[in-house]
Each structure stands twice: as structure tokens, then as C-alpha cells.
Amino acid sequence: MKKTARTILLIEDDEAHATLITRILEEICADVEIPVVNDGQEALEYLCQQGKYAAQEMSTRPDLVLLDLRLPRVDGQEVLKAIKQSETLKVIPVVVLTSSESENDVITAYRNHANSYLVKPLGFGEFSALIRTVSSYWFVQNRPPGNEK
Amino acid sequence: MEKNYDVKISEGTSRSGLHVLRRLGVLPFFVFVALIAILVRMDLRAVFEPPLLLPLLNTVFLSAIPFAVAYYLARGYVRSGSFNLLLLGCGMMILGTGAFLAGWLPASDGPNVNVTLYNVAALLGAVFHVTSAIITSAGGISGEEPRGSNVKAILAYLGVLVFAALLTIASLQGALPPFFIQGVGSTVVRQAVLGIATALFAYSSLLFMVRYARTKSDFLYWYSLALALLAVGLFAVLFQKTVGSPIGWAGRSAQYLGGIYFLIAALTAARSARVRGMPLDKALAEFFRTAEAQYEALVETSSDAIISVHQKGRILLWNAAAVKIFGYTRDEALDSSLIDLIIPEKYADRMREELEKLATTGKSSLIGRATELEAKRRDGELFPAELSVSARKTVDGWVGTIIIRDITERKRAEEALRESEKKLRLVTDQVTDVIWSMDLQGNFTFVTPSVERITGYTVDEVLSLNFSQLITPESFKTTMALINQRMKAETREPVTVEIEQIRKDGSRAWCEVRAILVVDQNNRPTGIVGVTRDITERKQAEDALRTSEAQLSNAMKIAQLGYWEYDVANDLFTFNDHFYAIFRTSVEQVGGYTMSSARYAQLFVHPDDVAVVGIEIRKAIETTDPLYSRQLEHRIIYADGEIGYIAVRFFIVKDNQGRTVKTYGANQDITDRKRLADERERYLKELEQRNAEMERFVYTISHELRTPLVTLQGYSDLVQRDLERNDKTRVTTDLTFIQNAVTSMGQLLEDTLELSRTGRVMNPPVDVPFGALIRDALAQLAELIKWSGAKVLMAEDFPTVHVDRTRLVEVLVNLIENSIKFMGDQPKPKIEIGCRTADNETVFFVKDNGIGLEKSQHEKIFQLFYKVDKKSKGSGAGLAIVKRIIEVHNGRIWVESEAGKGCTVWFTLPVLGRGTSEPAQEAVRGAP
Numbered sequence: 001m002k003k004t005a006r007t008i009l010l011i012e013d014d015e016a017h018a019t020l021i022t023r024i025l026e027e028i029c030a031d032v033e034i035p036v037v038n039d040g041q042e043a044l045e046y047l048c049q050q051g052k053y054a055a056q057e058m059s060t061r062p063d064l065v066l067l068d069l070r071l072p073r074v075d076g077q078e079v080l081k082a083i084k085q086s087e088t089l090k091v092i093p094v095v096v097l098t099s100s101e102s103e104n105d106v107i108t109a110y111r112n113h114a115n116s117y118l119v120k121p122l123g124f125g126e127f128s129a130l131i132r133t134v135s136s137y138w139f140v141q142n143r144p145p146g147n148e149k
Numbered sequence: 001m002e003k004n005y006d007v008k009i010s011e012g013t014s015r016s017g018l019h020v021l022r023r024l025g026v027l028p029f030f031v032f033v034a035l036i037a038i039l040v041r042m043d044l045r046a047v048f049e050p051p052l053l054l055p056l057l058n059t060v061f062l063s064a065i066p067f068a069v070a071y072y073l074a075r076g077y078v079r080s081g082s083f084n085l086l087l088l089g090c091g092m093m094i095l096g097t098g099a100f101l102a103g104w105l106p107a108s109d110g111p112n113v114n115v116t117l118y119n120v121a122a123l124l125g126a127v128f129h130v131t132s133a134i135i136t137s138a139g140g141i142s143g144e145e146p147r148g149s150n151v152k153a154i155l156a157y158l159g160v161l162v163f164a165a166l167l168t169i170a171s172l173q174g175a176l177p178p179f180f181i182q183g184v185g186s187t188v189v190r191q192a193v194l195g196i197a198t199a200l201f202a203y204s205s206l207l208f209m210v211r212y213a214r215t216k217s218d219f220l221y222w223y224s225l226a227l228a229l230l231a232v233g234l235f236a237v238l239f240q241k242t243v244g245s246p247i248g249w250a251g252r253s254a255q256y257l258g259g260i261y262f263l264i265a266a267l268t269a270a271r272s273a274r275v276r277g278m279p280l281d282k283a284l285a286e287f288f289r290t291a292e293a294q295y296e297a298l299v300e301t302s303s304d305a306i307i308s309v310h311q312k313g314r315i316l317l318w319n320a321a322a323v324k325i326f327g328y329t330r331d332e333a334l335d336s337s338l339i340d341l342i343i344p345e346k347y348a349d350r351m352r353e354e355l356e357k358l359a360t361t362g363k364s365s366l367i368g369r370a371t372e373l374e375a376k377r378r379d380g381e382l383f384p385a386e387l388s389v390s391a392r393k394t395v396d397g398w399v400g401t402i403i404i405r406d407i408t409e410r411k412r413a414e415e416a417l418r419e420s421e422k423k424l425r426l427v428t429d430q431v432t433d434v435i436w437s438m439d440l441q442g443n444f445t446f447v448t449p450s451v452e453r454i455t456g457y458t459v460d461e462v463l464s465l466n467f468s469q470l471i472t473p474e475s476f477k478t479t480m481a482l483i484n485q486r487m488k489a490e491t492r493e494p495v496t497v498e499i500e501q502i503r504k505d506g507s508r509a510w511c512e513v514r515a516i517l518v519v520d521q522n523n524r525p526t527g528i529v530g531v532t533r534d535i536t537e538r539k540q541a542e543d544a545l546r547t548s549e550a551q552l553s554n555a556m557k558i559a560q561l562g563y564w565e566y567d568v569a570n571d572l573f574t575f576n577d578h579f580y581a582i583f584r585t586s587v588e589q590v591g592g593y594t595m596s597s598a599r600y601a602q603l604f605v606h607p608d609d610v611a612v613v614g615i616e617i618r619k620a621i622e623t624t625d626p627l628y629s630r631q632l633e634h635r636i637i638y639a640d641g642e643i644g645y646i647a648v649r650f651f652i653v654k655d656n657q658g659r660t661v662k663t664y665g666a667n668q669d670i671t672d673r674k675r676l677a678d679e680r681e682r683y684l685k686e687l688e689q690r691n692a693e694m695e696r697f698v699y700t701i702s703h704e705l706r707t708p709l710v711t712l713q714g715y716s717d718l719v720q721r722d723l724e725r726n727d728k729t730r731v732t733t734d735l736t737f738i739q740n741a742v743t744s745m746g747q748l749l750e751d752t753l754e755l756s757r758t759g760r761v762m763n764p765p766v767d768v769p770f771g772a773l774i775r776d777a778l779a780q781l782a783e784l785i786k787w788s789g790a791k792v793l794m795a796e797d798f799p800t801v802h803v804d805r806t807r808l809v810e811v812l813v814n815l816i817e818n819s820i821k822f823m824g825d826q827p828k829p830k831i832e833i834g835c836r837t838a839d840n841e842t843v844f845f846v847k848d849n850g851i852g853l854e855k856s857q858h859e860k861i862f863q864l865f866y867k868v869d870k871k872s873k874g875s876g877a878g879l880a881i882v883k884r885i886i887e888v889h890n891g892r893i894w895v896e897s898e899a900g901k902g903c904t905v906w907f908t909l910p911v912l913g914r915g916t917s918e919p920a921q922e923a924v925r926g927a928p
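Heads up: the sequence lines are chains A and B, in that order.
The opening residue of the first sequence carries number 1 in my numbering; numbering runs sequentially from there.
The opening residue of the second sequence carries number 1 in my numbering; numbering runs sequentially from there.
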């Protein structure tokens, strides 16, 4: 595991879920930053450094995005589409993490170039194991582009 | 000799009236004979002699009539040259003259001179008559003699007159011996003269009667009787002792009657002449022609060859027809051998035999009947001949007379007739139709063999049947009515009638009978002939056709199909009744089955589709494909103005130049189908919508339920862990999350139930002024509105709506609540409720001046559990429920808004008095 701090952007409108995921992530990863945004609009503002995130530094660009689909204002799929259509943002792996098991959502997500689609499991143990696998995969096994540092 | 040659010249006197008269004519003769016999024995002496009576009677009966007869006899003599006619004429002249003079000469010295004159004239007349009668009997006129001359006739009659004059003078001078002495009676001289005259008259009468017996000439009969009466009359005078005595009058009367008989004779002669188309004088001459001459004339004018043959076979007579038929002249034929001359070899022996038999016995098998054989002409040609033979005995032996008729023509005609009968038989035997004839009682008199095919009866069986046995009672009735009507009718046209026959096996057959009455010369019906044809199959075919036509017609009616044809050259459509039925009209209303394409388009085609129809017609005309056909659908206008749809399928007909001359096809009314299809389309769409909605709903529910479940599961595990770690703060947080999740799930369930109830559970719609609904909603929200400080503006006039009142109040409460919820930091919150009518549609609205909504959110906000602001209260089901209620009312709902510029929710509802808000507003005003 690399010492460099990772940034995982958690786009989640449900406070309980956001807290749960944050707790799991903090338990398994030593140095990880987890900014949480509650709706799609905010997520896009964060990523594009607009609105209240205009002053944010480039380095805060996340290494991974965990995206819920049902979001107020701008829908999760819209956010996904926006990321994957942006030249600068599309390299960021986006993992859809949602409670929707709808096939339609799965297909739409992949059409929008989601890197992965995961369904929130019931039970803390299962949830924890899933997050562990995700972080292990994306941060250990997976080699992202231009990762020389 | 004459026995075999009796010649009877018909005078056309066979009429029964004359016949009776002729029989009665002989009666007076016997009456007078009897009367005179009685008077002679009575010897009455009374005298009746008024002056002038005798002269007048004499003049009329014994002068005028004889003179007239004499005139015609003279003309007969001139025409025929026959002296016996002139002799008769002279007899008549002297008789007439004598009677005239005897009547008129004054009998101053007694009647001697009168008596003398009359008696001498009578004697002379008798001599003339008896001479003529003898000549006639002995032979009379033979053949055509030279014509007599007028001069001779005039001289003869003048001679008679001169003699009478001399006699008168002589008698007056007393140069003659006395004939009658008044009071004493007749002298011997007179009795001698009178007796001779009487005898001569009687004899000539007898001779004429004999001749009558041979000629049956009425003229001769009456003439003979007249002479007999004269004789009787004169005979009576023989016994007269006094002039004017009864017996004298009897004698005179007999003579007068004789005069009348002369007249009758003349009249019958005139009649006979008229009948035979010849002048009276010629007819008179004819009566006195000799039998021989008549025989010869007959022989010569006969068209049959008449040949007399001696028993040895030598030809004695060869008439003109024989010359013509056989080609031998009379000179060549006479005295030649009959057998050599005209009998072909094959008959020669038999003929010879017959002739020999004839010679010895006078008998032959040829006699008494017509024999057909072949005869030979001079040029050797054989021809069919009919031969009849008679024989008579002469001093030289037996003589046969053979009449030979050339029957070539008859044979040919018979042959032709046989041939034509054969053909006719062939036809009648072969025809399938039955040709028949029957009498007026309905009994068949003729029928062709084909009858067996139709009726099953043989020809013989049919001939023994009456036609009433061959047809059904109904047909019999119709037929009889027809026959009776025809019998009365003036015209004799043939009639055609369909009847049902009964076959021998009892089955029935429909026949067409064409018949005509047969009439005699007087146009009286005598029978019926006709032709019968079995039309059972035709009848069945007709029935089948009728049935199939009816079926087709029904099928067209049921299928709402109409047939049409279009004549390209004349731009003329032809329609049928079904076609008009589709357009809810009839031929009477339209005024005919044909119309131009322009009229059709104007009457029936929807204006927007006229162009389409026009293009289709043009395409059909211009196409080069002979099998071109098209199917299209277009809108139409019914006769009642409604709009409908038809499907048209049509084909074309091309002439040999490849031009489209006709198009034809069928139209089908598909309005109902179309309407159903539209409805189905709509339902399908709605169903799809519902399905999508349901899918979304299920997805939403599962997602929304999963979210708190994830929380519940996750945090209940965490609570455990945190409790183990004794981290009380975290446990508290964990439990809070769990509680929120449970609350959220409860809300979710409640909203879901609520939503599913909407549309399923409805109160019956009522008519309610929209303003009343608003007032209800505002009452419910009074506290909230007061707290929020919002100002609610409400329009004054609203239409009455037909809605579920409770639900609609719920809608308004929801919308007003939302407006208040999203007012933001608006210092002067304002909510406006009203309605607007545009395009015949009333649209209601709830408008606020709150924070507004981005365009992307306009549809999302109606999704179930969608929340613009996650932190705001509620589950996000409110607008979904609102939308649902509006849609259940067949309305639409949508949002107009911009971020920061307020929000307007629009919706439609069923409004009373569709399209105008006026009556609805009245209702509002009228409401309390």
C-alpha cells in the first residue's frame, strides 16, 4: 500500500450511507481523504472546481469516485456522463455504488462509461468486505495512467 | 256406245232449293192431266170470256216469253251455227205470233179465225220443235261448226212472220176450211191439226227429257216440261166445244204455265251461263252440243293421255295430251302397237297378258283402279305414270280406253315430301325439346320422342294422357287461365309460360312452354301446338344465382362493402345500393347510380383527402401495368356530415391499346375499425405508460426501500461493534441513523399506499364550482399560510368542474403547500390561483413567486419520491400523487418555472360546458 494519500470522492445523498462508507474506508485505509457531496450538482461543482469549490486546488482531484445514482437536482447518471465526457475528468475511475438493482440502471451506467457497478450490500460485514475489495482493487492491483509518483 | 262416255256437265245446280223446285216442277203436269180428265167427263157448258182477258194473257205468257226465248235462241244459233237452235227459235216465233194474233183479232164472226190462226201456229211450232229435238237426239252439233249468220236468223224469223201474215189474210178471206164453229165445236180439220200438234209437242217433250236424263241440264228439263204442258193444254182444247168453257180455260192455263216454264228454262240457262262464266247464248248452244262432241272436246283438252286400244293392241285414239306426253304424233300413233310404243320392256309381257284377257273376256286386273308403272317416251326416257283402264264392247270386239297420267312431278313432290318428312322426323326424334300438339280438350295428338326424357312417359303413354295429368294443379290453373284468355283474344300470338310438370316417377320438373293456338279458316281455335323445354337446371341455376346474390348482398351489407366502377373515357362512376348505404344515403337521395368524379369528390370525400384520391385515380389511369391494383384508406364525409374512414381496393381494366378504360373496386367502411384501432392505440399507449410507470414505481420502491435497509443492517452491525468498543457517542449516532431509517421506511410505505389508492379508490365525480375547491383547500391550510405570511390571490370567476371533490382539494393543498415550502427568502410571498381559456381548453394554475425550478427538474419533480432538496420535509411523493389525481380526471399537469423566478403549476380538468367558460362562470356566480 502506497503512503501517498488517496482522495475518494463520495457522492451520496443519504447521510447514513455516507457516514457508513466513510467509517469503513477510514478503517481500512490509513491515509485517505473522503470528501462527501450530497447531490449531483454539488458533485459536478466539486469536480470542475466551480461554485463553492472554485478555490480548491487541483491536487484535490479524486483518485476514485464512488457514485450513488439517485441524487437530487442532478441525477447520478448525469454526473457520470459529465465526468466521462470531460477530457480532464474521464480518466478518473467512477464506481457506481447504489442500492438500485435495476438492470436498466446497470446498462445506462456502463453506457455512460462507468468503470464498475456495485450494489450496496445489506449488513455491515458485507459492506465492509466490498469496500475493502474496491480499495484493494483500485488502489493496489489496478494501475492508473501516469502514476509515477 | 254412249253408255261409257256419260258426260255430266256441272251447272252448279246442286243447291237444295233448286233441287226441290225441280222436283215440284213436274207436279202441275199431272194436276192438269187429272183436271182435264175430270172436266172431259163432266162436260160443263158454262162460258167465261170477258173481253181483253184472253188477249192479255196470251200476250204475256204465250207471246212475250216465246219471243224473248226466240231472241236468245237466235243468238245461240249465230254463235254456234247450230240449226236446231234456229229451229227452236222459229217454233217459238210462230207460237208467239199465233197466240198474239189469236188473242187480238176481233172475233166478230165467231172465233173461227182466231182458232184457226192459233192452231195452225201451234202445229207449225210443234213441227219446228220436233225437228229440232230429233236433230239434237241424233247427234246435234258436232264439234266446232262455223258460226251461224245473223242474216239467216233474221230471214228465218221474217219468214215465219210472213207466213203468219199470209195465214191470217187467208183465214180472214175464208180461204181456209173452217176450224171451229161456235156452238157446234171443232171441225174435223181442226181436231186433226190440233191432235197432230199435241202429239208432236208431246214427242219433242219426251226427246228433251231423255236428253235431260243424260246431261242433267236444268234448261232441258224445264224446256221439256214446258212443252209437255203445252201438249196437255192443246189436248184439252180438243174437247172444247165452246171458247171460254171450263175445259178451254184449263187448257189455256196449262199453256200459260208452259209459258212460265219456258221463262224458268231461260232463267236456269242464264244462271248456268253465269256460273260457267259464259254468255247466255253460248250456254244455250252448249246444251245442244252432241255428247260425242263434248266427249271429244274433253278428250282433247284433258291433260292426261287418253288412248283407246283395240283388243289386238292397235291404237284407235291418241289425244293431244298423249302427243305431248309420249312425243308421238297422232299419225304415228294411230294403228301402232300400244306395247311397242309406250310400254317398257319389263311391263311388256304383263301388258300383253292383260290385253289378251281383255280381248277374250273384257276383264282385266287393270280395270277399275289406278295402277302405277313406268311408261316410255319417244326418246326412250322412262317416267312414272298412273294408269287407269276401262273397256267397252263394240261391234269389232272389245275396246280399251287407257288414261295415262304423267306423275313425274307428283312423284318428285312425293319424294320431296318424304324427304322433308324424314328430315322433320330426324329433327323431332333428336330434339331435346318436346314438340307436341293437342286438341282443345287437352288430349295429345302428337308428341316427339324427347317427351320420354322430360316426363319419363313414352310417346304412346303421353298420347293416351290428358295434359292435366302431366302438370301440377297450380300449373294447370295458370295454364288454363292463359288458354282461356288466349281463346278470347283477337290475336293469335304464341305465348310462353313456365309450368311444373309431374314426371312418371312422381318427381317434378320445371318446363318452359311456348305454345300457339291452331285455328281453322274462320279463325276458330281447333287445337294447340307447342314446344316444351326442360328448364329444371336453369331454374336451379337461377335459384342458386339468386341465393348467392342474396348472400353476396348480405355479405356486402355486413362487411359494409360498396362496389363501384369508373368509366375513364366518360369520367363516370357507377355505384350500387351498398355503396350508397355506406355513405348513409340512397340512390333516391343522390338521384342515380352514376356521377362524375368531381361530384363524387365533392359529395363524399373529405376535403383534405380529395387530392390523395385524385392522385390515385391519375396513377391508375397512367400506369402501364395491366395488373395494377391499389389499396388505400382515406377519410370520407357521410351524407349526415359526419366524418368516417373507408378502405378502397381497386383494379384496372386496360384495352388492347394499353389504355386504362375502367377501374373498379370495393369500398369498405372502416370507421368503426379505425375508431377501435385508435382507441386500442390509445389504450396501448396508456398501458405502456402505466407499465413504465409501474416499472419506475417498482424500481423506485425497491431502491427507496433498499436505502433504509442498507442503513438498518449496516448500523445494527455497527451498534454491536461500537457497544463492544464501548464507544457511546457512536452508538448514539448509529441509533439515530437507525431511527431515521425506520421513520423513512414508514413514510415510504404510507406514501406508497396512498399512491396506489389514488386512481383505484375514487369518490363519484360531482359538479362543483372550482372556487369552492380553493376555499376548502385554503381553510385546511389557514394556519400554515398565516405562519408563512404568504398572500393568496384568487380569481373571481371559475367554471364548474366535474371532479372527485376530496381529491381535488388534496391537489390544491399539495400545490399550495409546495409553493409555501419553496418560497425561499422571498420578502413578499405571494400565491396566485386562477384559470385561463385558450384553444377551447380551460387551464387552471397555481403560481408563486418563490425560488423556482431549473428546467431539468420540471419533469422530475413529478416522479415518485423525487426530492429537489434532500433535506426538505416529506418523502417526495406529493407531486406524484397530484399528477396521478389529475390524470385520473383525464387532465394534464405541467410546470413553468425558472430558477429564482417563481413557479407556476398548470393543470386541466373536465369543465362543464366544454370549450366555453361562460356557463361555468354563471354557475359560480349563481353559487352561494
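Keep in mind that the hints are not guaranteed to be accurate.
To be verified - A short list of chain A residues far from chain B (calculated; beta carbon distances all over 12 Å):
#	residue
1	Ile34
2	Ala54
3	Lys84
4	Asn104
5	Arg143
6	Pro145
To be verified - Quick list of the computed label-pair ranges, beta carbon to beta carbon:
#	chain 1	residue 1	chain 2	residue 2	range
7	B	Gly900	A	Cys48	18 to 26 Å
8	B	Gly900	A	Glu87	29 to 37 Å
9	A	Glu101	B	Val888	25 to 33 Å
10	B	Glu896	A	Glu101	31 to 39 Å
Unchecked claim - Listed next, the in silico DSSO-like pairs over lysine-lysine satisfying Cα-Cα at most 27 Å (straight line):
#	chain 1	residue 1	chain 2	residue 2
11	B	Lys791	B	Lys901
12	B	Lys241	B	Lys324
13	B	Lys312	B	Lys282
14	B	Lys855	A	Lys81
15	B	Lys828	B	Lys791
16	B	Lys312	B	Lys241
17	B	Lys855	A	Lys52
18	B	Lys282	A	Lys81
19	B	Lys828	B	Lys847
20	A	Lys52	B	Lys324
21	B	Lys312	B	Lys152
22	B	Lys821	B	Lys786
23	A	Lys52	B	Lys901
24	B	Lys828	B	Lys728
25	A	Lys52	B	Lys860
26	B	Lys786	B	Lys855
27	B	Lys324	B	Lys312
28	A	Lys52	A	Lys90
29	B	Lys376	B	Lys411
30	B	Lys504	B	Lys539
31	B	Lys662	A	Lys84
32	B	Lys860	A	Lys84
33	A	Lys81	A	Lys52
34	B	Lys901	B	Lys860
Read the hints as simulated data drawn from the structure, not as lab findings.
Quick reminder that beta carbons are idealized off the backbone N, C-alpha and C, glycines included.
Taken at face value, is the distance from the CA of B/Lys847 to the CA of B/Lys828 at most 27 Å?
-> Given that 27 Å is the threshold and the Cα spacing comes to 14 Å, the pair holds.
Proposed proximity, B/Lys324 with A/Lys52 (alpha carbon, max 27 Å) = violated, 158 Å
Given pair status - B/Lys241, B/Lys312, alpha carbons within 27 Å = violated, 68 Å
Compute the least Cβ-Cβ separation between A/Ala54 and chain B, then decide whether it is above 12 Å.
-> Non-interface label stands for A/Ala54: nearest chain B Cβ at 19 Å, farther than 12 Å.
If you draw a straight line from the CA of B/Lys860 to the CA of A/Lys84, is it 27 Å or shorter?
-> Roughly 23 Å separates the two Cα atoms, so the pair holds.
For the pair we were handed, B/Lys855 and A/Lys81, check the Cα-Cα distance against 27 Å.
-> holds, 18 Å
Restraint status (C-alpha distance of B/Lys324 to B/Lys312 at most 27 Å) = holds, 24 Å
Could you tell me whether the CB distance from A/Glu101 to B/Val888 stays inside 25 to 33 Å?
-> Roughly 30 Å apart at Cβ, these two residues keep to the hinted range, so it holds.
Non-interface claim for A/Pro145 versus chain B (Cβ beyond 12 Å) | Per Cβ check, A/Pro145 is outside 12 Å of chain B; nearest 32 Å; holds.
Given hint B/Lys411 paired with B/Lys376 - CA-CA distance at most 27 Å | Distance ~16 Å between B/Lys376 and B/Lys411 Cα, so the pair holds.
Indicate whether the distance between the beta carbons of B/Glu896 and A/Glu101 respects the range 31 to 39 Å.
-> Hint holds: Cβ distance 36 Å, inside 31 to 39 Å.
Taken at face value, is the distance from the CA of B/Lys539 to the CA of B/Lys504 at most 27 Å?
-> holds, 20 Å
Of the hints listed earlier, those the structure fails to meet are numbers 4, 12, 13, 16, 18, 20, 21, 24, 26, 31, in rising order.
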